[in-house]
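Start from chain A and add chain B according to the hints.
So the protein sequences, as listed, match chains A and B. Under the numbering used here, think of the first position of the first sequence as 295, with each following residue one higher. Under the numbering used here, think of the first position of the second sequence as 295, with each following residue one higher.
Because identical chains share one entry, a pair is satisfied inside a single copy or across any pair of copies.
In silico lysine to aspartate or glutamate, EDC-like type, Cα no more than 16 Å apart, as pairs:
no., residue 1, residue 2
1, K422, E496
2, K326, E449
3, K340, D397
4, K423, E496
To be clear, the hints were calculated from the coordinates, so they are not data collected in a lab. Since the structure is predicted, the reported quantities are computational estimates derived from the model, not experimental observations.
2 protein chains.
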Amino acid sequence: MKRIADDIPGYTYGSPDAAVSPVTLDDLERLKLTVGWNDEDRDFLKLAGEVLGDQTRAVVLHWRSRIIAAIPHLARHFRSLEGLPLPGYLGRSNLRFEQWILDTCLRPHDQEWLNYQFAIALRHTGAKKNRTDSVRSTAYVPLSDILAFFAVMNESIRPFLAAKGHSNEAVDAMHRAWRKSMHIQSALMARAYTNPKNGRNEW
Amino acid sequence: MKRIADDIPGYTYGSPDAAVSPVTLDDLERLKLTVGWNDEDRDFLKLAGEVLGDQTRAVVLHWRSRIIAAIPHLARHFRSLEGLPLPGYLGRSNLRFEQWILDTCLRPHDQEWLNYQFAIALRHTGAKKNRTDSVRSTAYVPLSDILAFFAVMNESIRPFLAAKGHSNEAVDAMHRAWRKSMHIQSALMARAYTNPKNGRNEW
Numbered sequence: 295m296k297r298i299a300d301d302i303p304g305y306t307y308g309s310p311d312a313a314v315s316p317v318t319l320d321d322l323e324r325l326k327l328t329v330g331w332n333d334e335d336r337d338f339l340k341l342a343g344e345v346l347g348d349q350t351r352a353v354v355l356h357w358r359s360r361i362i363a364a365i366p367h368l369a370r371h372f373r374s375l376e377g378l379p380l381p382g383y384l385g386r387s388n389l390r391f392e393q394w395i396l397d398t399c400l401r402p403h404d405q406e407w408l409n410y411q412f413a414i415a416l417r418h419t420g421a422k423k424n425r426t427d428s429v430r431s432t433a434y435v436p437l438s439d440i441l442a443f444f445a446v447m448n449e450s451i452r453p454f455l456a457a458k459g460h461s462n463e464a465v466d467a468m469h470r471a472w473r474k475s476m477h478i479q480s481a482l483m484a485r486a487y488t489n490p491k492n493g494r495n496e497w
Numbered sequence: 295m296k297r298i299a300d301d302i303p304g305y306t307y308g309s310p311d312a313a314v315s316p317v318t319l320d321d322l323e324r325l326k327l328t329v330g331w332n333d334e335d336r337d338f339l340k341l342a343g344e345v346l347g348d349q350t351r352a353v354v355l356h357w358r359s360r361i362i363a364a365i366p367h368l369a370r371h372f373r374s375l376e377g378l379p380l381p382g383y384l385g386r387s388n389l390r391f392e393q394w395i396l397d398t399c400l401r402p403h404d405q406e407w408l409n410y411q412f413a414i415a416l417r418h419t420g421a422k423k424n425r426t427d428s429v430r431s432t433a434y435v436p437l438s439d440i441l442a443f444f445a446v447m448n449e450s451i452r453p454f455l456a457a458k459g460h461s462n463e464a465v466d467a468m469h470r471a472w473r474k475s476m477h478i479q480s481a482l483m484a485r486a487y488t489n490p491k492n493g494r495n496e497w
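Just chain A, same shape as in the assembly (with noise of 0.2 Å):
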């Protein structure tokens, strides 16, 4: 699989003691059937793959950089309690978030794929945050902001997919398949979310 560096710290794709993840293959079927995932999409994304390839860095730069880092209440949760830079943390973050741009793109939809993306989640809830670089940071990232997030990931991605030359009709059809795969993924984030411990788990 391509990797956007040779070791991203904390990247445990496929790792086999990965915990698994309680969100199923019949589930993820069933997200993709409300979204109207088809075939097209699934080819039209594996091409995104392709145009994003070399571009991953300036992606996440411009999330994090240019939109999070202008917005105090998300870029909080990227500093220390005190509100100071944590580059190491972010560093470290944006790796795994370039990362997870190639395997939104171009990783089959599979068991790895499911436990991966619920490491992740994870990483985002009071669960796991901070864990994994040992770091001081906000506690938690609220789902609130996540869910809201996926708005800005769902529109500014479209300039760098027309990036490479490719006819307008083929970089809609590649923006269309990132904006499915982007509301699959903000269903299986909320997962993390949604387990009282007490009562009816509705996710």
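The following block gives chain B in isolation, referenced to the frame of chain A:
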């Protein structure tokens, strides 16, 4: 406020005895900041409300009859536990769904809007589903189904926005504002599903 019918059963927008949403106006501002909401979006969402005003029935029928009805795990939420149609339930819910389109576009983002958003969300959870219409159907709509279905509402609205002869740029702007609102509302929906009886709410 524009209504799609003089009397919509169970439509309690602005009711003086409505429950207050746990989501505050500050939370809403945070969500709007995250999705990049601006004055252009406000104006073009209002225009979308005018464009969609006489199309709400067509939009809801497209979603309910063309899409949801064809996906068994979604269709069951408007059927009896034995899988039989509940036309009264569907009809009343469709009227509220139509009105929701207008409210999305035309209502100010104030506490009343937040309160009714929360009422809508609760009516999808085990706490309130079926009670408004006194029916026996599925106990709740899974949050994952809802978050994924926002992909459909995001994409399929465009032809309706384009149906009144506006320029491509104006349709783009209406569609962009609509998508941002959908992302804000997906976050608001999730609030009703993240209420652990014990432990921290990380919404």
